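Number of protein chains: 8
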Amino acid sequence: MARVYLLIKTESGMEEKVYQALKGLDYVSRVDIVTGPYDVIAIFEADSLSKIEDYILNKVRKSEGIRETTTLIALTA
Amino acid sequence: MARVYLLIKTESGMEEKVYQALKGLDYVSRVDIVTGPYDVIAIFEADSLSKIEDYILNKVRKSEGIRETTTLIALTA
Amino acid sequence: MARVYLLIKTESGMEEKVYQALKGLDYVSRVDIVTGPYDVIAIFEADSLSKIEDYILNKVRKSEGIRETTTLIALTA
Amino acid sequence: MARVYLLIKTESGMEEKVYQALKGLDYVSRVDIVTGPYDVIAIFEADSLSKIEDYILNKVRKSEGIRETTTLIALTA
Amino acid sequence: MARVYLLIKTESGMEEKVYQALKGLDYVSRVDIVTGPYDVIAIFEADSLSKIEDYILNKVRKSEGIRETTTLIALTA
Amino acid sequence: MARVYLLIKTESGMEEKVYQALKGLDYVSRVDIVTGPYDVIAIFEADSLSKIEDYILNKVRKSEGIRETTTLIALTA
Amino acid sequence: MARVYLLIKTESGMEEKVYQALKGLDYVSRVDIVTGPYDVIAIFEADSLSKIEDYILNKVRKSEGIRETTTLIALTA
Amino acid sequence: MARVYLLIKTESGMEEKVYQALKGLDYVSRVDIVTGPYDVIAIFEADSLSKIEDYILNKVRKSEGIRETTTLIALTA
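Protein chains in written order, with the numbering used here: chain A, 2 to 78; chain B, 2 to 78; chain C, 2 to 78; chain D, 2 to 78; chain E, 2 to 78; chain F, 2 to 78; chain G, 2 to 78; chain H, 2 to 78.
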């Protein structure tokens with residue numbers, strides 16, 4: 002099993018929109034709007050890391066309102 | 002009582018505008034244009050944390066000229 | 002319900018030790034050693050935010066091997 | 002009047018100690034332990050900026066438990 | 002005498018333009034395009050800090066091509 | 002021989018486009034889309050550092066989709 | 002094939018020592034002391050990502066003089 | 002002519018000591034204790050970049066009290 006945490010900075014004021022969009026995506030086991038230096042955190046889980054990486058690159062990062070992402074890959078999934 | 006410090010990076014040249022807009026908002030006990038890695042700092046105070054969080058999310062972060070925010074929640078308010 | 006994500010930078014080489022220590026703590030629903038700019042991520046869940054905050058301040062941050070933490074409080078828990 | 006916000010990263014587990022030490026210092030109008038990428042925030046106020054700067058440099062930064070500080074000088078004090 | 006170092010991130014590809022614009026400004030004793038996490042550094046010198054701060058806020062930060070600035074005020078000018 | 006590592010943050014969703022564009026450029030010995038706090042990394046090699054620096058400044062940084070770059074110059078090339 | 006870029010901040014003055022130690026390690030295809038916000042960069046290559054991750058976690062991060070690391074996993078290896 | 006700006010984070014409370022030590026070093030045209038996210042900034046000038054880089058690596062970074070440095074090489078020296 003593979004797990005990836007995606008830390009997202011949104012365009013200002015777009016947190017809710019990004020949050021709703023991510024909730025409906027594949028492999029997403031949890032999404033939260035958060036305080037601190039990031040705006041949204043999403044957790045992706047799938048049976049292979051490359052599935053998640055492709056999906057983030059080709060689908061998630063193209064979602065409206067996302068300005069910057071930092072990817073944390075779980076080594077203990 | 003709840004207190005939140007909002008560290009704001011504005012669009013370049015928009016410090017004064019953001020500063021003036023924040024001064025007029027609810028729960029805002031102080032605003033300053035600052036030097037350093039941030040442009041404006043605002044202090045919010047209310048009787049509940051969720052009031053402040055909702056207000057920041059749905060009102061403040063939608064103000065014109067705000068590019069990025071970092072939220073610091075006071076644990077000793 | 003309250004949820005907090007704790008992004009942890011450990012002393013170099015102490016990831017495994019911090020990971021094992023956090024796994025045994027109260028309110029911890031998940032811990033992972035991760036890649037990227039952080040070393041470990043822990044998710045705390047409890048019926049009140051102040052319980053988690055006190056616990057992080059008085060227990061977690063005093064664990065051996067933790068160098069720096071960034072706290073993300075979920076606004077959509 | 003001059004005002005300076007000091008964002009402090011403490012040695013892990015030393016937040017309470019730094020918080021208590023700062024509360025007793027000159028020119029300090031407020032101190033809070035906070036969540037997010039910093040651990041403590043202190044607000045200094047005095048009739049001149051150089052008084053505050055000297056004090057931070059020669060007194061505050063030598064307090065036990067302080068690892069890193071970021072100084073924000075208010076331009077609208 | 003007051004001295005301020007302004008670390009500037011420009012819009013990508015705008016380094017030369019920002020560099021040329023800053024060279025012609027008041028109080029600027031040196032400007033350089035640089036490598037590393039910033040794109041341009043400018044040093045301002047004047048007989049008072051507030052003159053420089055006002056100028057940066059009302060003139061420099063409104064120059065085209067500037068995305069983000071970090072201000073370092075010299076305590077040993 | 003001179004070697005420079007260019008750490009690139011792209012506009013969200015533009016990783017593939019930037020990656021393809023950089024692959025075709027002069028002096029580029031390797032390009033990768035990556036996880037973590039950056040999106041793309043490119044390695045430049047040439048017989049002189051100034052050749053690479055000029056090229057990055059006048060060609061690479063003007064490529065579409067590049068938001069921010071951090072330059073690491075190899076001291077052991 | 003898997004490739005990982007490791008961005009390393011060393012204890013101050015320990016760059017050369019870390020550089021020499023990393024040069025002799027398994028999977029390391031290149032190491033450089035660099036300028037900018039990091040001190041050393043190392044590139045690891047192996048036939049599987051987990052081999053590299055284990056090695057970084059259990060061997061590299063325990064090397065003397067390493068203070069902080071940021072891992073970038075190549076998605077286009 | 003080559004010019005390098007060195008942004009320095011010192012051990013907390015060691016600013017004055019680092020400042021005095023750097024003032025006496027070769028190639029140093031200016032040093033300042035500063036506010037903001039760094040503690041000291043030093044400007045090095047010499048007839049070749051490699052002279053400055055060697056000196057920073059083998060002499061400056063081994064000075065007592067220096068925790069972290071970020072090197073900005075001037076492309077317009």
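Accuracy of the hints is not assured; some may be wrong.
What the hints assert, rightly or not - Here are the simulated lysine-lysine pairs, DSSO-like style, with alpha carbons at most 30 Å apart: (1) H:Lys-52 / H:Lys-18; (2) G:Lys-52 / G:Lys-18; (3) B:Lys-52 / B:Lys-63; (4) H:Lys-60 / G:Lys-24; (5) C:Lys-60 / D:Lys-52; (6) C:Lys-24 / G:Lys-18; (7) F:Lys-60 / F:Lys-24; (8) F:Lys-63 / A:Lys-63; (9) E:Lys-10 / E:Lys-60; (10) E:Lys-63 / B:Lys-24; (11) D:Lys-10 / D:Lys-24; (12) H:Lys-18 / D:Lys-24.
As the list claims (entries may be wrong) - The following residues of chain E were derived to be distant from chain H, with all beta-carbon distances above 12 Å: (13) Met-15; (14) Glu-16; (15) Pro-38; (16) Asp-48; (17) Lys-60; (18) Lys-63; (19) Ser-64.
FYI, nobody ran anything at the bench for these hints, they're computed from the structure. Every value quoted in this text rests on a predicted model; they were computed, and no experiment measured them. Virtual Cβ for every residue (Gly too), placed ideally from N, Cα, C.
Here is how each hint holds up against the structure:
no., hint, verdict
1, H:Lys-52 / H:Lys-18, "holds, 24 Å"
2, G:Lys-52 / G:Lys-18, "holds, 24 Å"
3, B:Lys-52 / B:Lys-63, "holds, 16 Å"
4, H:Lys-60 / G:Lys-24, "holds, 23 Å"
5, C:Lys-60 / D:Lys-52, "violated, 37 Å"
6, C:Lys-24 / G:Lys-18, "violated, 34 Å"
7, F:Lys-60 / F:Lys-24, "holds, 13 Å"
8, F:Lys-63 / A:Lys-63, "holds, 22 Å"
9, E:Lys-10 / E:Lys-60, "holds, 16 Å"
10, E:Lys-63 / B:Lys-24, "holds, 22 Å"
11, D:Lys-10 / D:Lys-24, "holds, 16 Å"
12, H:Lys-18 / D:Lys-24, "holds, 27 Å"
13, Met-15, "holds, 14 Å"
14, Glu-16, "violated, 8 Å"
15, Pro-38, "violated, 7 Å"
16, Asp-48, "holds, 17 Å"
17, Lys-60, "holds, 20 Å"
18, Lys-63, "holds, 21 Å"
19, Ser-64, "holds, 17 Å"
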